[in-house]
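2 protein chains.
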Amino acid sequence: MGCRSLLLLLLLLAFLTPAASSPVSPSLRAPSSLPWSTSFKSRPTITLKYSIRYIQQKVDHFGFNIDRTFKQRYLIADNYWKEDGGSILFYTGNEGDIIWFCNNTGFMWDIAEEMKAMLVFAEHRYYGESLPFGADSFSDSRHLNFLTTEQALADFAKLIKYLKRTIPGARNQPVIALGGSYGGMLAAWFRMKYPHLVVGALASSAPIWQFNDLVPCDTFMKIVTTDFGRSGPNCSESIRRSWDAISRLAKKGPGLRWLSEALHLCTPLTKWQDVQHLKDWISETWVNLAMVDYPYESNFLQPLPAWPVKVVCQYFKYYNVPDTLMLQNIFQALNVYYNYSGQAKCLNVSETATSSLGVLGWSYQACTEMVMPTCSDGVDDMFEPHSWNMKEYSDDCFKQWGVRPRPSWIPTMYGGKNISSHTNIIFSNGELDPWSGGGVTKDITDTLLAIVIPNGAHHLDLRASNALDPVSVQLTRALEVKYMKQWISDFYVRLRKMN
Amino acid sequence: MGCRSLLLLLLLLAFLTPAASSPVSPSLRAPSSLPWSTSFKSRPTITLKYSIRYIQQKVDHFGFNIDRTFKQRYLIADNYWKEDGGSILFYTGNEGDIIWFCNNTGFMWDIAEEMKAMLVFAEHRYYGESLPFGADSFSDSRHLNFLTTEQALADFAKLIKYLKRTIPGARNQPVIALGGSYGGMLAAWFRMKYPHLVVGALASSAPIWQFNDLVPCDTFMKIVTTDFGRSGPNCSESIRRSWDAISRLAKKGPGLRWLSEALHLCTPLTKWQDVQHLKDWISETWVNLAMVDYPYESNFLQPLPAWPVKVVCQYFKYYNVPDTLMLQNIFQALNVYYNYSGQAKCLNVSETATSSLGVLGWSYQACTEMVMPTCSDGVDDMFEPHSWNMKEYSDDCFKQWGVRPRPSWIPTMYGGKNISSHTNIIFSNGELDPWSGGGVTKDITDTLLAIVIPNGAHHLDLRASNALDPVSVQLTRALEVKYMKQWISDFYVRLRKMN
Chain P
1 MGCRSLLLLL LLLAFLTPAA SSPVSPSLRA PSSLPWSTSF KSRPTITLKY SIRYIQQKVD
61 HFGFNIDRTF KQRYLIADNY WKEDGGSILF YTGNEGDIIW FCNNTGFMWD IAEEMKAMLV
121 FAEHRYYGES LPFGADSFSD SRHLNFLTTE QALADFAKLI KYLKRTIPGA RNQPVIALGG
181 SYGGMLAAWF RMKYPHLVVG ALASSAPIWQ FNDLVPCDTF MKIVTTDFGR SGPNCSESIR
241 RSWDAISRLA KKGPGLRWLS EALHLCTPLT KWQDVQHLKD WISETWVNLA MVDYPYESNF
301 LQPLPAWPVK VVCQYFKYYN VPDTLMLQNI FQALNVYYNY SGQAKCLNVS ETATSSLGVL
361 GWSYQACTEM VMPTCSDGVD DMFEPHSWNM KEYSDDCFKQ WGVRPRPSWI PTMYGGKNIS
421 SHTNIIFSNG ELDPWSGGGV TKDITDTLLA IVIPNGAHHL DLRASNALDP VSVQLTRALE
481 VKYMKQWISD FYVRLRKMN
Chain R
1 MGCRSLLLLL LLLAFLTPAA SSPVSPSLRA PSSLPWSTSF KSRPTITLKY SIRYIQQKVD
61 HFGFNIDRTF KQRYLIADNY WKEDGGSILF YTGNEGDIIW FCNNTGFMWD IAEEMKAMLV
121 FAEHRYYGES LPFGADSFSD SRHLNFLTTE QALADFAKLI KYLKRTIPGA RNQPVIALGG
181 SYGGMLAAWF RMKYPHLVVG ALASSAPIWQ FNDLVPCDTF MKIVTTDFGR SGPNCSESIR
241 RSWDAISRLA KKGPGLRWLS EALHLCTPLT KWQDVQHLKD WISETWVNLA MVDYPYESNF
301 LQPLPAWPVK VVCQYFKYYN VPDTLMLQNI FQALNVYYNY SGQAKCLNVS ETATSSLGVL
361 GWSYQACTEM VMPTCSDGVD DMFEPHSWNM KEYSDDCFKQ WGVRPRPSWI PTMYGGKNIS
421 SHTNIIFSNG ELDPWSGGGV TKDITDTLLA IVIPNGAHHL DLRASNALDP VSVQLTRALE
481 VKYMKQWISD FYVRLRKMN
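Taken in order, these protein sequences are the chains called P and R. The first sequence lines up with residues 1 to 499 when you count with the UniProt record's numbering. The second sequence lines up with residues 1 to 499 when you count with the UniProt record's numbering.
FYI, nobody ran anything at the bench for these hints, they're computed from the structure. Some hints could be false.
Any copy, or any two copies together, can satisfy a pair, since identical chains are not distinguished.
Said to hold, decoys possible - Straight-line alpha carbon distances no greater than 30 Å define the calculated DSSO-like cross-link-like pairs of lysine-lysine that follow:
(1) Lys271 / Lys391
(2) Lys345 / Lys164
(3) Lys82 / Lys161
(4) Lys222 / Lys82
(5) Lys317 / Lys417
(6) Lys222 / Lys485
(7) Lys417 / Lys485
(8) Lys161 / Lys442
(9) Lys271 / Lys399
(10) Lys161 / Lys279
(11) Lys116 / Lys222
(12) Lys391 / Lys279
(13) Lys442 / Lys158
(14) Lys417 / Lys71
(15) Lys417 / Lys497
With the hints as extra help, turn the sequences into a complete structure.
Written out as structure tokens, the structure is:
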């Protein structure tokens with residue numbers, strides 16, 4: 001497994017949206033003083049009432065030779081919607097099943113009444129049920145040719161126009177785009193490219209600058225390392241040294257078998273390549289933990305304790321330990337992530353993200369437009385050195401999909417760092433989130449706003465309100481609502497002037 | 001020839017760019033009091049020094065399955081360019097040979113020194129030499145699939161980034177997009193979609209609202225009629241009555257032969273359909289005259305006198321004349337347009353625009369994105385009634401190209417009338433120009449400005465400065481330069497702040 005494969009895994013996991021959380025303890029204090037629990041309690045499920053609908057979309061908005069259409073799925077909830085002075089909150093769906101995103105974007109549900117809002121969740125083409133060519137959608141690069149951000153944004157545009165045309169009372173209502181992670185990028189880009197259709201955008205944890213040379217490729221892994229470094233003494237240093245321990249053990253006679261047993265792997269390691277795969281999988285776990293380092297117990301990919309990085313770091317207090325002990329510590333740490341519930345019989349190094357995410361689709365996107373370089377040097381970060389090798393990346397993409405990535409396209413299309421002429425976008429970032437390194441973390445103008453949430457992980461603000469939310473995210477959400485209300489109010493002022 | 005065929009011809013002719021003019025008389029007075037001359041004098045040719053260059057562009061910017069590239073041609077002139085405080089004026093090429101546009105956009109050459117500007121003229125894909133599939137480019141809808149405004153704008157974006165990357169000193173310079181007619185739309189849309197690449201746009205005679213139901217379809221022909229109505233007593237009324245005269249004559253025994261001889265047609269009429277074709281051709285001539293109704297002698301498609309509509313109207317003073325006399329008057333009027341030089345032996349009803357324009361390409365664009373409805377009723381305009389029939393139009397397109405137009409797409413993509421969130425675009429319009437009906441003729445905000453040039457025809461302001469220019473266009477150009485300088489100055493202020 002090369003550095004590109006690692007990257008793809010990282011990207012996939014990075015873009016997961018946290019599931020509804022299971023609060024255990026108040027978490028208004030700094031991470032180092034927070035309690036954590038090893039007992040997992042599930043949170044009562046909130047029933048979200050929405051209708052599932054479909055719209056016929058052109059497979060190709062940008063060409064006329066193929067006039068085929070497909071059914072795009074979207075969800076709509078209008079319980080709190082008011083025709084008089086209301087609004088439409090439009091979730092720009094990302095790389096997964098839209099019902100899963102809908103269930104995991106509690107913020108929109110929480111503010112619907114206050115905003116008199118109709119909620120719309122639009123599924124991204126090639127994900128969930130919105131497959132342009134059904135089962136053939138991923139069969140080859142010809143069928144995948146219409147999986148681009150531009151096509152996705154055009155779907156959103158057509159859907160909004162359709163809703164305004166067909167829903168009585170919706171015509172003269174302001175629409176706001178919201179999204180997290182890749183969906184946050186889409187929300188921001190949608191406002192940039194279609195400002196006539198949305199009055200503003202909330203782009204949560206959207207690394208719109210994690211492209212080309214806009215940010216150093218090592219920023220991402222440095223942030224992961226910082227998270228681990230501040231979560232326990234010697235933690236990041238221990239992990240930095242653990243890679244060599246794994247290598248040393250693997251090289252010994254029965255090393256692969258010993259490693260397989262020590263880590264309770266479901267499938268034993270049999271060759272040297274498997275060791276690299278193992279390391280990639282472990283790296284991915286640490287990265288993933290940094291992203292979901294929420295201050296309360298949660299049940300995302302796996303049930304997790306509050307501040308899971310801190311829990312993991314319990315096992316990395318000492319780095320001058322024998323290799324075999326180091327490996328046992330790694331096993332304990334991995335168990336926090338993969339076996340917090342105590343149900344797992346073994347650890348599966350092939351385990352990837354929830355099936356609600358579209359693995360194939362994202363892999364293709366990462367091989368075309370969504371090229372987001374990351375690298376590590378093992379000095380300023382705790383990972384093994386991996387340079388960013390565009391040539392190798394491109395060759396791997398060509399082998400896998402028959403396409404070559406165009407790494408400079410996204411900045412050409414969406415402006416790179418030169419986006420100051422746009423307006424009404426909030427970029428919110430979790431300070432702990434490795435993706436914040438590619439995000440907008442400083443105000444660009446007085447209408448292009450950045451919020452950094454102290455001790456926040458990946459798009460914490462989009463999650464459902466929780467009695468144990470830290471003040472930082474409560475304030476963030478209040479600020480977001482304030483700005484969105486201002487956009488809505490400005491819209492109605494303009495509307496009245498026109499009439 | 002159906003109403004669609006007429007429309008296509010109208011569109012084609014409408015989008016011609018006037019050639020360098022031949023001044024004859026000062027023209028600061030109202031049209032009705034202006035002198036005109038029947039003697040044609042050619043103007044000394046100005047030698048424009050530019051380099052012809054090529055850039056490799058992706059055939060498909062919005063898909064990765066086809067990775068083929070083609071050579072896009074562009075012209076560059078840097079005689080007056082200054083690295084220190086200079087600018088780049090970027091002509092967004094429209095539907096024809098870029099050298100022809102370059103030669104006919106004297107305004108850019110005239111202001112180059114004052115703006116310390118590098119001039120760039122980018123050829124539009126599928127026109128001139130910039131053919132994505134060479135001789136096969138127009139062979140079928142598969143090869144034509146990449147002829148869209150979005151692809152053209154993406155070419156411009158890539159070219160600007162390439163120039164900034166490769167020309168020493170160009171990196172930190174402001175770029176302004178300029179264009180006329182369809183090229184004017186592209187300039188405006190380019191600023192809307194790529195504001196990170198151009199600080200502003202001058203969109204001359206750009207009917208960005210001549211789409212869908214944004215303006216009534218009859219506006220265009222009404223303006224033509226008004227032009228004729230104010231250019232001579234009874235002029236538009238005579239033309240309105242002339243269509244029945246043609247029909248009556250055609251229905252008589254030897255009518256077709258008589259008509260063919262009376263009008264000195266190169267190819268005699270032989271069937272009833274030819275009569276409709278004849279009427280379409282005559283209509284097109286009047287429309288064309290309205291567009292090039294310049295206040296001085298010019299040599300555009302044909303050599304023309306000053307105020308050619310006024311000249312034509314000399315032959316339409318009386319409408320209560322026998323049909324045969326009416327036809328002789330039509331012949332005289334057509335002669336003004338087609339035989340001002342006195343060289344023509346006969347009139348050719350197949351005659352279309354200069355070969356510098358891409359007839360095939362535009363016909364395809366009009367059948368896909370660029371659907372610009374026009375209609376006439378014969379009451380409020382001087383033409384025979386032609387309703388706008390989208391079904392028929394679409395069927396004709398499907399027969400011709402195997403594609404169906406998407407008339408609502410351009411407003412969805414580019415905002416229709418809801419464009420107020422954009423900035424730094426000047427929309428200039430000639431009051432006489434029928435396309436002004438679909439143009440932006442009132443300021444939208446204090447940075448989205450409209451200029452209407454009294455007594456101006458189709459993008460008069462982009463033509464070379466002329467000693468006999470009316471004051472109106474002189475003032476217009478001065479205002480345009482003032483705004484462009486402001487954008488440039490704002491750019492450098494921002495740049496200094498950043499450094």
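Hint by hint, here is what the structure shows:
| no. | hint | result |
| --- | --- | --- |
| 1 | Lys271 / Lys391 | within (26 Å within a copy, 66 Å between copies) |
| 2 | Lys345 / Lys164 | neither (52 Å within a copy, 58 Å between copies) |
| 3 | Lys82 / Lys161 | within (19 Å within a copy, 46 Å between copies) |
| 4 | Lys222 / Lys82 | neither (46 Å within a copy, 43 Å between copies) |
| 5 | Lys317 / Lys417 | neither (40 Å within a copy, 63 Å between copies) |
| 6 | Lys222 / Lys485 | neither (36 Å within a copy, 44 Å between copies) |
| 7 | Lys417 / Lys485 | both (27 Å within a copy, 24 Å between copies) |
| 8 | Lys161 / Lys442 | between (33 Å within a copy, 26 Å between copies) |
| 9 | Lys271 / Lys399 | within (23 Å within a copy, 62 Å between copies) |
| 10 | Lys161 / Lys279 | neither (48 Å within a copy, 40 Å between copies) |
| 11 | Lys116 / Lys222 | neither (42 Å within a copy, 45 Å between copies) |
| 12 | Lys391 / Lys279 | within (23 Å within a copy, 62 Å between copies) |
| 13 | Lys442 / Lys158 | between (32 Å within a copy, 28 Å between copies) |
| 14 | Lys417 / Lys71 | between (35 Å within a copy, 29 Å between copies) |
| 15 | Lys417 / Lys497 | between (34 Å within a copy, 15 Å between copies) |
Against the hints set out earlier in the document, violations occur for numbers 2, 4, 5, 6, 10, 11.
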